[in-house]
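K.L.:
On the provided structure of chain A, position chain B as indicated by the hints.
Going down the list, the sequences are from chains A and B. One point on numbering: in full-length UniProt numbering, the residue at position 143 of the first sequence is 143, and numbering is uninterrupted. One point on numbering: in full-length UniProt numbering, the residue at position 115 of the second sequence is 115, and numbering is uninterrupted.
To be clear, the hints were calculated from the coordinates, so they are not data collected in a lab. Treat the numbers as computed from the prediction; the structure is a model and nothing was measured. The hints are all genuine.
Only pairs whose alpha carbons sit at most 30 Å apart, straight line, appear in this in silico BS3-like list of lysine-lysine:
hint: 1; chain 1: B; residue 1: K135; chain 2: A; residue 2: K233
hint: 2; chain 1: B; residue 1: K135; chain 2: A; residue 2: K224
hint: 3; chain 1: A; residue 1: K41; chain 2: B; residue 2: K36
hint: 4; chain 1: B; residue 1: K269; chain 2: A; residue 2: K228
hint: 5; chain 1: B; residue 1: K36; chain 2: A; residue 2: K233
hint: 6; chain 1: A; residue 1: K45; chain 2: B; residue 2: K135
hint: 7; chain 1: B; residue 1: K276; chain 2: A; residue 2: K224
hint: 8; chain 1: B; residue 1: K233; chain 2: A; residue 2: K224
hint: 9; chain 1: B; residue 1: K272; chain 2: A; residue 2: K224
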Amino acid sequence: MDGWNFIRLVHALRQVSLSISSQDILDAQTCLFRFPGLSEKQVVKSIFIHRPQDASIFEAIWRILIENPEGRIESFPEDRTKVPVIDESQDSSGLGGQGVGRGSGGVSLTSKGSILDTANISTLVPFSRLEELTNGGFELEEMVKKVLAELDYYTWINSYDLAYQRSELTEESWYIHQDRRSALISEIRQQLLTAQVSHENSWEPLVRQHWLYKSLSTLTDKEKELVKSSIRKWARKLAVRPGSRWKSSHRGTIDISRIVQQSVQRNGFIFNLNYHQRVPRASELVVLCDVSNSMASFVEFLIYLVTCLRARFRKIRVFFFIDSVWDVSEFVCDDDLSGVKQEIKSSGDKVSSGFSDYGAVFREMAENRLRDVSTRATLIILGDGKNNYRPTQTEYLAQISEKVRNVFWLNPLEIQEWNERDNMMNEYKNYCSKVYRCRSASDLHRIVQDVF
Amino acid sequence: MNVTSPLDLAQVLEEEGYLIDEEAATTLFLALALQKPCLIEGPAGVGKTQLALALARAEKRKLIRLQCYEGLDLTKALYDWNYAKQLLRLQLAKTEDWNQIKVDLFSEEFLLSRPLLESILSPDPVLLLIDELDKSDEEFESFLLELLAEFQVTIPELGTISSKTKPVVILTSNNSRDFSDALRRRCIHIYLTYPTLEREISILGSQAPDLSARLTRDVCEFVAKVRKLPLQKPPSVSETIDFARALNALHKEELKYGDLLGTLSVLLKYPKDIAKLEERLKKWETETR
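Same shape as in the complex, but just chain A:
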């Protein structure tokens, strides 16, 4: 690897939030110089990658920068009939159907056989189509779905799902099929990322895919675990940090009786001044979460955070709402959040229409629940502010805001979306101590530092 490529690689890795120290660079250079026979990729990866979850982003950058420096995906053959995508020697016993609506080109996964040749996955979609999509300014996930639809992916997987349910497919073949599914999706994502990086001429598309900056609703299971692990870490740090009301306060008032007691033990000499011990004021946290469909994935993380932080509060009360409120505090005491997830899925259907109504919820809170809430409580509202054109009833939020110490509103939508017609954030925010965008793990981290 020449010096220029090495510098570009280090720069790219740093751009996507990987920490590469000068010592790492020195070590990598030493190894590349001392062991020229070893694979450069392996050497650099061993030295630069310190976390298993960073390996995939390294692979993506290596592929874009070193293996495919021209910024183009393998050229798509003009004559698509010759593309050896489908291994026709393996019959799929009639699985699949006719491909339809493949946009501006490509092959159908359902035509003829159905076994993907992994070596040729990269030639499934023409680069021109990827460029067209990236120029359209779509989000990555949206583009992936479009490409998959054009490949008849959904028909293809449905046919397999059906065959498996009917026991026409052995478990072995089912697992092989699952592996191919994930390989295909991962390849399409990689190609789209390459096209995006090339189109935007920056590493920003890769940064957006980092679990810390990705929308909490689009995280994979592995990424969810990483976010939860980070939340545990923040909670541990907070557990030993004095509360904000103590930080700026002085040492307390002098405790004369203890000074006298201690001086008696030392022949009447005063060695130290004693102060009254500070007794923490009991604090109360009230969490109000919108659990309508669009919000469910965000609620999971907030509740996890609250669970981790429960030792810091004397009392925690958690309410879920859609168009009416119900108390779920008992589930938050468990470390296992399956109860909360179940509650989000099941109870919402029973007690509400499915459409958020913030006005009605605030009225119910103010009329029925507010008397049990302490004046020193902090209220956290998690919601997108979309009121489905129903009355805002801001007077009730004002009433709540007057009673409690602070009202913090966490909104998973982008700030510009708060101005949409059915979104009442701009009205509600006047009654909040602070309003935050809470879309990604990094947003959540900022909120944790600010609020708790």
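P.N.:
Structure of chain B alone, referenced to chain A:
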């Protein structure tokens, strides 16, 4: 040990009964070449500790092992003062000059070396294995930074003690908690995962040579299939070996799904997982008919 390439390293480890894949061998080789600590992560039972033990044998280094747990502190990991001996010294020296005694009491004579200090003071080459570091507290992790970066420790009463022979340091973790960037930066990282089918057959062949080739292959294929199920704890390599040995003890020449009831608890450790597998076995059995 004169290891000049990852291939050499893989060979010497194989002689010690440990089969390592090429990628892990390269990373470990680089860690040894750079004289940097190596952090090995991965699920339980994939051979992290065994790798350290095999490396110690291969390099003919004395193994010093520190098993981490919650609440582990410096007095258990680094050093402690021998209070009983200090008291005796005080009893014997009532008439001596106080200043002289004060200095003596905190000399190396009264120091009790714990694993970390032992590895630093050892005149012979050692391999320091800090096992399951994720079980320890964050304070302990921060304390290790000086040792990992400089191969030295600081004892307030004595000053800084540097290593006589640079120890090979291996840290293992089951990922029960994440480590700080500072610790990760000081280490070369290896992630060990479940071996491929072919590698597991080789491992089983070397660890349990008395098994028939048929049984070895059957067991490994079966375990690979079991690992794809959504289990609370998928079977590890060590459990594969135990399971194969159990079948061998029952004089099985091959693996038949119908004959496995009662042996599954060797492979899986949670009743829920066993129940799930038993259910699947019935399905697999009908598929093979």
